[in-house]
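Assemble the whole structure, with the sequences as input and the hints as a guide.
For the record, the sequence lines run as chains B and Z. Just so we're on the same page, my numbering is the position in the first sequence counted from 1, plus 3. Just so we're on the same page, my numbering is the position in the second sequence counted from 1, plus 302.
Misleading hints may appear alongside valid ones.
Lysine-lysine pairs mimicking BS3-like chemistry, simulated, CA-CA at most 27 Å apart [as the list claims (entries may be wrong)]:
#, chain 1, residue 1, chain 2, residue 2
1, B, K109, Z, K359
2, Z, K359, B, K45
3, B, K40, B, K109
4, B, K60, B, K40
5, B, K61, B, K74
6, B, K40, Z, K359
7, B, K60, B, K45
8, B, K60, B, K25
9, B, K112, B, K40
10, B, K61, B, K71
11, B, K45, Z, K373
12, B, K25, B, K45
13, B, K40, B, K25
14, B, K45, B, K61
15, Z, K320, B, K45
16, Z, K319, Z, K367
17, B, K71, B, K112
18, B, K109, Z, K367
19, B, K45, Z, K367
20, Z, K359, Z, K371
These are calculated hints, taken from the structure and not from any lab test. What you are looking at is a predicted structure, and each value in this text was computed from that prediction instead of being measured.
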Amino acid sequence: GENVEQHPSTLSVQEGDSAVIKCTYSDSASNYFPWYKQELGKGPQLIIDIRSNVGEKKDQRIAVTLNKTAKHFSLHITETQPEDSAVYFCAAKGTQGGSEKLVFGKGTKLTVNP
Amino acid sequence: EAQVTQNPRYLITVTGKKLTVTCSQNMNHEYMSWYRQDPGLGLRQIYYSMNVEVTDKGDVPEGYKVSRKEKRNFPLILESPSPNQTSLYFCASSSFPPLRGDISTDTQYFGPGTRLTVL
Numbered sequence: 004g005e006n007v008e009q010h011p012s013t014l015s016v017q018e019g020d021s022a023v024i025k026c027t028y029s030d031s032a033s034n035y036f037p038w039y040k041q042e043l044g045k046g047p048q049l050i051i052d053i054r055s056n057v058g059e060k061k062d063q064r065i066a067v068t069l070n071k072t073a074k075h076f077s078l079h080i081t082e083t084q085p086e087d088s089a090v091y092f093c094a095a096k097g098t099q100g101g102s103e104k105l106v107f108g109k110g111t112k113l114t115v116n117p
Numbered sequence: 303e304a305q306v307t308q309n310p311r312y313l314i315t316v317t318g319k320k321l322t323v324t325c326s327q328n329m330n331h332e333y334m335s336w337y338r339q340d341p342g343l344g345l346r347q348i349y350y351s352m353n354v355e356v357t358d359k360g361d362v363p364e365g366y367k368v369s370r371k372e373k374r375n376f377p378l379i380l381e382s383p384s385p386n387q388t389s390l391y392f393c394a395s396s397s398f399p400p401l402r403g404d405i406s407t408d409t410q411y412f413g414p415g416t417r418l419t420v421l
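Written out as structure tokens, the structure reads:
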């Protein structure tokens, strides 16, 4: 089955700097890679996703890149703001028992210091 | 408003006392899932359901039961809770399996979470 590794587990940046979170996956058949943001006391919310037929996707200050050959994908946040502080999860859609499922990384706690 | 609701949001109970955490979604999603979140371990899937009366084990199903009698509801049942089930629980739903070519149907929507403490 799919296995997703996420690094780093914690990340601290100064406001205005960029933040990069990286994930690797094991199942070459995985074709969907979402990123979720979890704020304190809330459930994870989708912030951006990418499919395997696209190498990069951008939405304002956030972007995701995908390298299918190396089986890794990354989240890039530019011009970070204190409200970007949260836990971020990557995920990959793999297979389990013949059905599809999302497999999550262990999360990255991002702190943006004012 | 499209949403996933969970109840209760917080629960403190004692070992062995049966409890149910309810989950409901109003998006007519086929797929629903339960996760537990523990520090350093991320989100681990407990059980999932592809549709009414179709449920299957996730990665950490021991000590849990689920049922899917209606499309909108997917309760999580702990028949005899133990302290190692103290955790933060999330219900999620999506129109899984996705319609081919429709990216939006891959999105999983999460509930607000239920913080369970078993003494």
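Hints breached by this structure = Structure breaks no hint.
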